[in-house]
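Chains R and D supply the protein sequences, listed in that same order. Letter by letter, the first sequence follows residues 1 to 517 of this note's numbering. Letter by letter, the second sequence follows residues 1 to 517 of this note's numbering.
To be clear, the hints were calculated from the coordinates, so they are not data collected in a lab. Every residue gets a Cβ at the ideal spot worked out from N, C-alpha and C, and that includes glycine. Check each hint, because a few of them may be wrong.
[Said to hold, decoys possible] DEER-style ranges, computed between Cβ atoms:
(1) D/G71 x R/K239: 56 to 66 Å
(2) R/A114 x D/K304: 53 to 63 Å
(3) D/R92 x R/P349: 36 to 46 Å
For reference, the chains in residue letters:
2 protein chains.
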Amino acid sequence: MNNKLVKNALGRLVPTEVNGKKAVPFKGVGKYKPDYRKYAPPVATMADFPSGDKRVKDLKTALLKAGIKDGMTISTHHHFRDGDLVAVQIFRIAAELGIKDLVWFPSASFPCQAEMIDFMENGTIHHIEGSLNGPLGRYCSEGKMKGMGVLRSHGGRFQAVQDGEVVIDIAVIAAPTADPFGNANGVEGPSACGLLGFALADSQYAHKVIVVTDNLVDFPCIPWQIQGNYVDYVVEMDKIGEPEKIVSGTTKITKSPDRLLIAEMTAQLCLEAGLIRDGFSFQAGAGGTSLAITYYFEQMMREKSIKARFARGGSNQYLVKMLEEGLVDYILDGQTFDLEGVRSMRDNPRHRDTSPFTSYNYHGKGNFAQFVDIVILGATEVDLDFNANVNTHSDGYLLHGIGGWQNCLFSKTVILPIPLFRDRIPVIRDAVTTITGPGELIDVIVTERGIAINPKRKDLLKALKNTKLPLKTIQELKDEAEKICGIPEKPKLGEEIVAVIKWVDGTIIDAVRRVIV
Amino acid sequence: MNNKLVKNALGRLVPTEVNGKKAVPFKGVGKYKPDYRKYAPPVATMADFPSGDKRVKDLKTALLKAGIKDGMTISTHHHFRDGDLVAVQIFRIAAELGIKDLVWFPSASFPCQAEMIDFMENGTIHHIEGSLNGPLGRYCSEGKMKGMGVLRSHGGRFQAVQDGEVVIDIAVIAAPTADPFGNANGVEGPSACGLLGFALADSQYAHKVIVVTDNLVDFPCIPWQIQGNYVDYVVEMDKIGEPEKIVSGTTKITKSPDRLLIAEMTAQLCLEAGLIRDGFSFQAGAGGTSLAITYYFEQMMREKSIKARFARGGSNQYLVKMLEEGLVDYILDGQTFDLEGVRSMRDNPRHRDTSPFTSYNYHGKGNFAQFVDIVILGATEVDLDFNANVNTHSDGYLLHGIGGWQNCLFSKTVILPIPLFRDRIPVIRDAVTTITGPGELIDVIVTERGIAINPKRKDLLKALKNTKLPLKTIQELKDEAEKICGIPEKPKLGEEIVAVIKWVDGTIIDAVRRVIV
Chain R
1 MNNKLVKNAL
11 GRLVPTEVNG
21 KKAVPFKGVG
31 KYKPDYRKYA
41 PPVATMADFP
51 SGDKRVKDLK
61 TALLKAGIKD
71 GMTISTHHHF
81 RDGDLVAVQI
91 FRIAAELGIK
101 DLVWFPSASF
111 PCQAEMIDFM
121 ENGTIHHIEG
131 SLNGPLGRYC
141 SEGKMKGMGV
151 LRSHGGRFQA
161 VQDGEVVIDI
171 AVIAAPTADP
181 FGNANGVEGP
191 SACGLLGFAL
201 ADSQYAHKVI
211 VVTDNLVDFP
221 CIPWQIQGNY
231 VDYVVEMDKI
241 GEPEKIVSGT
251 TKITKSPDRL
261 LIAEMTAQLC
271 LEAGLIRDGF
281 SFQAGAGGTS
291 LAITYYFEQM
301 MREKSIKARF
311 ARGGSNQYLV
321 KMLEEGLVDY
331 ILDGQTFDLE
341 GVRSMRDNPR
351 HRDTSPFTSY
361 NYHGKGNFAQ
371 FVDIVILGAT
381 EVDLDFNANV
391 NTHSDGYLLH
401 GIGGWQNCLF
411 SKTVILPIPL
421 FRDRIPVIRD
431 AVTTITGPGE
441 LIDVIVTERG
451 IAINPKRKDL
461 LKALKNTKLP
471 LKTIQELKDE
481 AEKICGIPEK
491 PKLGEEIVAV
501 IKWVDGTIID
511 AVRRVIV
Chain D
1 MNNKLVKNAL
11 GRLVPTEVNG
21 KKAVPFKGVG
31 KYKPDYRKYA
41 PPVATMADFP
51 SGDKRVKDLK
61 TALLKAGIKD
71 GMTISTHHHF
81 RDGDLVAVQI
91 FRIAAELGIK
101 DLVWFPSASF
111 PCQAEMIDFM
121 ENGTIHHIEG
131 SLNGPLGRYC
141 SEGKMKGMGV
151 LRSHGGRFQA
161 VQDGEVVIDI
171 AVIAAPTADP
181 FGNANGVEGP
191 SACGLLGFAL
201 ADSQYAHKVI
211 VVTDNLVDFP
221 CIPWQIQGNY
231 VDYVVEMDKI
241 GEPEKIVSGT
251 TKITKSPDRL
261 LIAEMTAQLC
271 LEAGLIRDGF
281 SFQAGAGGTS
291 LAITYYFEQM
301 MREKSIKARF
311 ARGGSNQYLV
321 KMLEEGLVDY
331 ILDGQTFDLE
341 GVRSMRDNPR
351 HRDTSPFTSY
361 NYHGKGNFAQ
371 FVDIVILGAT
381 EVDLDFNANV
391 NTHSDGYLLH
401 GIGGWQNCLF
411 SKTVILPIPL
421 FRDRIPVIRD
431 AVTTITGPGE
441 LIDVIVTERG
451 IAINPKRKDL
461 LKALKNTKLP
471 LKTIQELKDE
481 AEKICGIPEK
491 PKLGEEIVAV
501 IKWVDGTIID
511 AVRRVIV
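Next comes chain R alone, as it looks inside the complex:
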């Protein structure tokens, strides 16, 4: 990791090489233009699949047939979230086979996969390219991972696969339903988790693709969210995941008075700014505050007979109810966050599954995020230029992935409803510990003690000229927090870079440094 550092367009020092590959520093939003071709996977032939029946006896056999060996990159998806039962099995088998230095390339990681630490300790896994949540993040933060962590947004992950930044040797796709040809979906079967969109790029670009299912049906498996013509092997096992654990965060609307206030002000701001109007669209997420915002939107829409054209999921019971009542025409969903979402996606043609190719990939000819009027996101920290952090805490620990957060910044109005401080640590800072997204794309910060609108959004400021909402400058919000909590301490960080944060175009927006324990 003796690596030349350069200052990127946000003034952050970032490495020019990551895990032995050349890296491009962030150049500014929309400034980096790709001048190369997509990744070209090998051409297959039906002659190698004479019967079309791709079943093999178990996952170990499939991995061996796929040619698993030292140094390979193995991908998994996270539609089961904390209920995934397949990813760790891959590395248990690899460890048993004595294979070393694998790269695990999940679409996201969860605490249920903490066992991966053992595989990093014993050399089976060299490093993880993907979100590093909870225990895995802590492990990386303390400098224990051999390689550098590489964090990407959902769209950035597809960009990296499409562009050949990451070549997947073997993709393992846990599929709630599949047929012997490898057609697969997430909406049917006892382990139905909704969709398999996060595995789509993997299926199309990986050199070998293994579908693992606990619900094998006769050809054709319909719908085929994953197409069998990209699949090499099909494995049956008893249970691939616990779908009841797909529930993200909370399923209940917050009861905290502060958060309810933030939610109400957020909704009120959207209404007063004219953003809630017939045919509008929104993406609110699934935390307690987000659910409260969805609830307030719903009340306003009902009261004013306003219909939304679409809502972006992560879907949940509240969105499903709005769809079924006709308050929204469509849910465009990347991930079901509860079993009501799964049911709705299975049965309602107006609840459509999407993949990051359609929704989020910056290296496509646009994406769906551009069409979303209001997006509600979180942040651990925000600086005076509205740059925001979702990856690290103020103590420097890398504890969260990016998810679709960066990709959603391209929506029309980006609002961060956040508390002014957490555990007496102010959220608005002179400088954030890590920049996950540039402030020029962040429009509004709503806190329980006031709302700051990015001065770039003159239109919003004008529309809210006569509001009774407590508009303040972001500096005022910061001062207020510091008056209450004091000036926050800086985290104790070493020089060593343990992870990088990729921007949506594959450039490096920031580097994460080792936490000194």
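Chain R is already provided as a structure; the job is to place chain D on it using the hints.
What follows is chain D alone, placed relative to chain R:
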């Protein structure tokens, strides 16, 4: 066209160069193994699509923005069949702009596109790579086209695009419904033609993609059979096609006693051979004989309480009825052949659209054709080795495309129900004028005067040991035809090669020679 000729694995003399590109002779079924990568189109960036609204004022503007210039390859799809109104407009604009030597790469051509002859005459179009039906075939057959015709199956066309044999500069996709982002489908709107599967590879691999629609809807256009993230420009026009003309051949069951006899014997053979059994699958096509076979299948299934797992479309009213009555679980459809097919695909989740990637591409990890138990196909000629011709007539004229015919040969039992002679010209010959498909993949020839089973299919011969059906050798059938019609004359052909027939793997299975007029 001074071109070295070599003998391929079927003993046919084929060129080693086609339109300036190296060509590989057919090596035998499953013998040619690709050792290269897929075609890699340029990486796009959302930075070039800042609003996501891709509308431009007209087709000319779109073509100019797409950079249309001499020598480019322009693709269209044929889901409107003989009702297409878009393809000729492209070349009218190109002619008006003085652009020369374009390659037209349709997924199929139809008589409504005869105006393309004018564009070949005036140099706008250099040659056509695609099916050459009717007037276009006659033009090519008489040696008038500047370049060599290249005929591919539907699967072969996708293979060629995926493998980079054909690089599409501009794809123009006529879409019955689309949104400003370019999401598009064929099931909604006044010009609904069913699906857009034949344009899928074009959308994904072409350098520039233009969607043309007469039914623009607000984002999101759902379903999105074509994904807007692959689309550069969206054009609105008054009318893109006449969907009532998608009707293929006849919509009525044949009344010819000979053809009814052929159909009945075909169905009876399938029943006696045990091919019609619970969970079976079939693809019958849409001609008068095919519809009669479907009708007989239906009677047998009803009588014996047999359900098919799926039927492959070209869908039509008869298949839709079987689906709705529960006689088949699913229709997997590549092309709707009537408006009942369109309605069913729009409304019935058990009627699924497919693309040649899933259904037919030989350079995938298998395809759906492998799962079809019985496929019913036609032929203009068959030889004593069961090699068959669907492209040329016995007078040498190239009058038909391949369609999915070659791809369907990979189904489990391939049956050709054909008359023993047409216009007193015998169909079974010592040698066919053109080999479109190798005899080793063709199992049964059913004629009004007897049935020949390929001796390779010992299992079928055994299953039919005690049948009352008139089993004969193919030599006996040929002799019988010649007894009635005499020995047919050879066509009058020059040496010059006017077109080549590609096999499903991109190799050349035969060459078509100029007809001496």
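Evaluation of the provided hints:
no. : hint                        : verdict
1   : D/G71 x R/K239: 56 to 66 Å  : holds (57 Å)
2   : R/A114 x D/K304: 53 to 63 Å : holds (57 Å)
3   : D/R92 x R/P349: 36 to 46 Å  : holds (38 Å)
Checked against the numbered hints given earlier, this structure breaks none of them.
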